[in-house]
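The task is simple: from the sequences and hints, build the whole structure.
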Amino acid sequence: EDQVTQSPEALRLQEGESSSLNCSYTVSGLRGLFWYRQDPGKGPEFLFTLYSAGEEKEKERLKATLTKKESFLHITAPKPEDSATYLCAVQASTGFQKLVFGTGTRLLVSP
Amino acid sequence: GAGVSQSPRYKVAKRGQDVALRCDPISGHVSLFWYQQALGQGPEFLTYFQNEAQLDKSGLPSDRFFAERPEGSVSTLKIQRTQQEDSAVYLCASSLVAGYNEQFFGPGTRLTVL
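As you go down the protein sequences, you meet chains S and R in turn. When we follow the numbering used here, the leftmost residue of the first sequence carries the number 1, and every step to the right adds one. When we follow the numbering used here, the leftmost residue of the second sequence carries the number 1, and every step to the right adds one.
Each hint should be verified, as a subset may be incorrect.
What the hints assert, rightly or not - With a Cα cut of at most 30 Å, we get these calculated DSS-like pairs of lysine-lysine: (1) S:Lys57 with S:Lys68; (2) R:Lys57 with S:Lys42; (3) R:Lys78 with S:Lys42.
Stated by the list, open to error - Now the stretches of chain S that chain R is said to cover, found in silico as 3 or more residues with beta-carbon under 8 Å: (4) 44-51; (5) 64-73; (6) 98-109.
Derived from the structure by calculation, the hints contain no laboratory data. Quick caveat: nothing in here was measured; it's all calculated off a predicted structure. Quick reminder that beta carbons are idealized off the backbone N, C-alpha and C, glycines included.
Put into structure tokens, the structure is as follows:
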């Protein structure tokens, strides 16, 4: 069964304090790994897709990396507006296109 | 519209009532998904449409849940005889083609069953 585990469950940072969020996964053939951001009361907002081990993608203060067993979302010099829940999801290469999500990491960045 | 829209945004139902939740995907998007998100959890897959065909309904929790997309655009998720455990946020997502690319989510419908 495809499974995603995210850690930590919650993370509190001071503005400017860099850190990383972890996403460990098991999947029967990885088609893609997705990172989403979710603000309270809103739907998930797409951030990145990673397809193969060694791949990296960046967007503003965020950088996502992928290995064969896990992905990291690095946040460099975060700002309060980066506060949100960050969700990781995998899509298997077999079957249809459903995403299997982790439970997310709640990030709070204090000024 | 620019994004996926869902209505209503909030729905309160008495136990045993039937409800219908609507999703308007991004125009031209072939694939449409429904997910259920409980408080503090990640979204969980319910069902998938490619155009009007429902290709995967393996995530529907019981036969009280039914989804349709008759013209390959707007979709409706119907829940019959609602139970308290059905209380959750129901998310709709769409993607451009029938391939493996990013899914864009709507704001969700928060269902509360009393």
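For each hint, the structure was consulted:
Taken as a hint, the Lys57 of chain S and Lys68 of chain S pair is honoured in the structure, with Cα atoms around 16 Å apart against an allowance of 30 Å. Distance restraint check for Lys57 of chain R and Lys42 of chain S: the Cα-Cα separation of roughly 24 Å lies within the 30 Å cut-off, and the hinted pair is therefore satisfied. Between Lys78 of chain R and Lys42 of chain S the CA atoms are separated by roughly 21 Å; this keeps the pair inside 30 Å, and the hint holds. Residues of the segment 44-51 of chain S lying with their CB closer than 8 Å to a CB of chain R number 4, which satisfies the three-residue condition for coverage.
Coverage of the segment 64-73 of chain S by chain R is violated in this model, with 0 residues showing a Cβ closer than 8 Å to a Cβ of that chain against a need of three. Evaluation of the coverage hint for the segment 98-109 of chain S: fulfilled, as 7 residues show C-beta separations to chain R shorter than 8 Å, against a requirement of three.
When the structure is compared with the earlier hints, a violation turns up for hint 5 alone.
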